[in-house]
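Undergrad: Listed below, chain by chain, are the residues.
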Amino acid sequence: MIELAKVNEVVKKAASAVLKRRAGVHRVFSEPAADSEGHEALHITIVLKPGAADKISGDMALDTLVEVDKALRGAGEDRFPIIDFATEEELQSSDETES
Amino acid sequence: VTRPNPEHFFEQAEKLVAPPAAGRPRQVDLRRAISAAYYGIFHFCLAAAADEFVGVTQRATSRYTLVYRSIDHKILRELCAETRKLTPPARYLPYFPRGGFGSNIQAFSTAAIELQEKRHLADYNPQPRFKTSEAKLAVSTARSAVLRFQAADEEHRKAFLTLLICPPR
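Going line by line, the protein sequences match chains L and R. In terms of the numbering used here, the first sequence opens at residue 11 and continues consecutively. In terms of the numbering used here, the second sequence opens at residue 94 and continues consecutively.
Don't read these hints as lab results, they were simulated from the structure. All residues carry an ideal CB built from backbone N, CA and C; glycine is no exception. There may be inaccurate statements among the hints.
What the hints assert, rightly or not - Heads up, incomplete: computed chain R residues facing chain L, CB under 8 Å, no partners named: (1) H213; (2) T225; (3) E227.
Using the sequences and the hints given, assemble the complete structure.
TA: Next comes the structure, spelled out in structure tokens:
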């Protein structure tokens with residue numbers, strides 16, 4: 011188990027390597043969580059540049075999950091990463107009323 | 094035969110994440126999209142296993158249904174968790190391909206667990222607020238995961254499906 015700051019650093023490096031500048035990673039934040047079976051997990055949010063979700067293919071998204079998972083395990087983290095993608099705009103507007 | 098078509102789950106999910114005519118997307122639509130993305134993968138596995146062990150030409154039979162229904166979410170999750178490991182536990186070792194499952198099955202397994210977790214949150218946890226980006230990427234990830242499975246080595250696919258039907262004790 012590694013510190014959350016280190017988790018964020020590892021995830022940002024791994025995700026950036028896959029997504030590159032075109033659909034770049036703006037920042038990463040994470041928090042401890044439990045998975046559906048009650049095991050310790052990590053809830054990780056990869057914050058993308060505006061409009062990036064439309065530029066990321068399924069293969070890129072999948073490769074990001076794989077590479078983040080590998081990088082975390084390589085760094086000694088054994089909690090399963092539950093990875094979300096969001097833009098800064100989506101995070102800021104998350105408290106607004108939906109239609 | 095009316096077995097669910099995995100691609101139809103993905104198409105349904107894409108409709109749900111399309112921008113609404115006005116206002117913000119509804120949470121229930123984003124949640125259902127994430128759930129459908131996972132169920133596309135899940136039913137893909139069930140169909141692949143039943144096709145392998147009962148046969149494509151037997152889809153209308155009760156034997157096909159029996160095998161199709163024999164796999165649950167927990168079995169899929171446990172197998173996917175094992176395929177991601179560098180060294181599988183001893184009880185799986187004799188049944189794994191030499192050198193492991195390879196990148197395609199491992200990527201499929203990572204996506205299956207990830208989407209199963211998200212599906213659980215989307216279907217049962219009222220707290221998270223889902224974003225359009227994550228719902229869209231859940232759908233495209235699920236579709237790619239199925240393609241990766243189909244692109245995997247035939248023996249690896251057969252080994253995975255066998256372990257899905259017959260988990261070692």
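Undergrad: Taking each numbered hint in turn, which are not upheld by the structure, reported in ascending numerical order?
TA: Hints that this structure does not satisfy do not exist here, as all of them hold.
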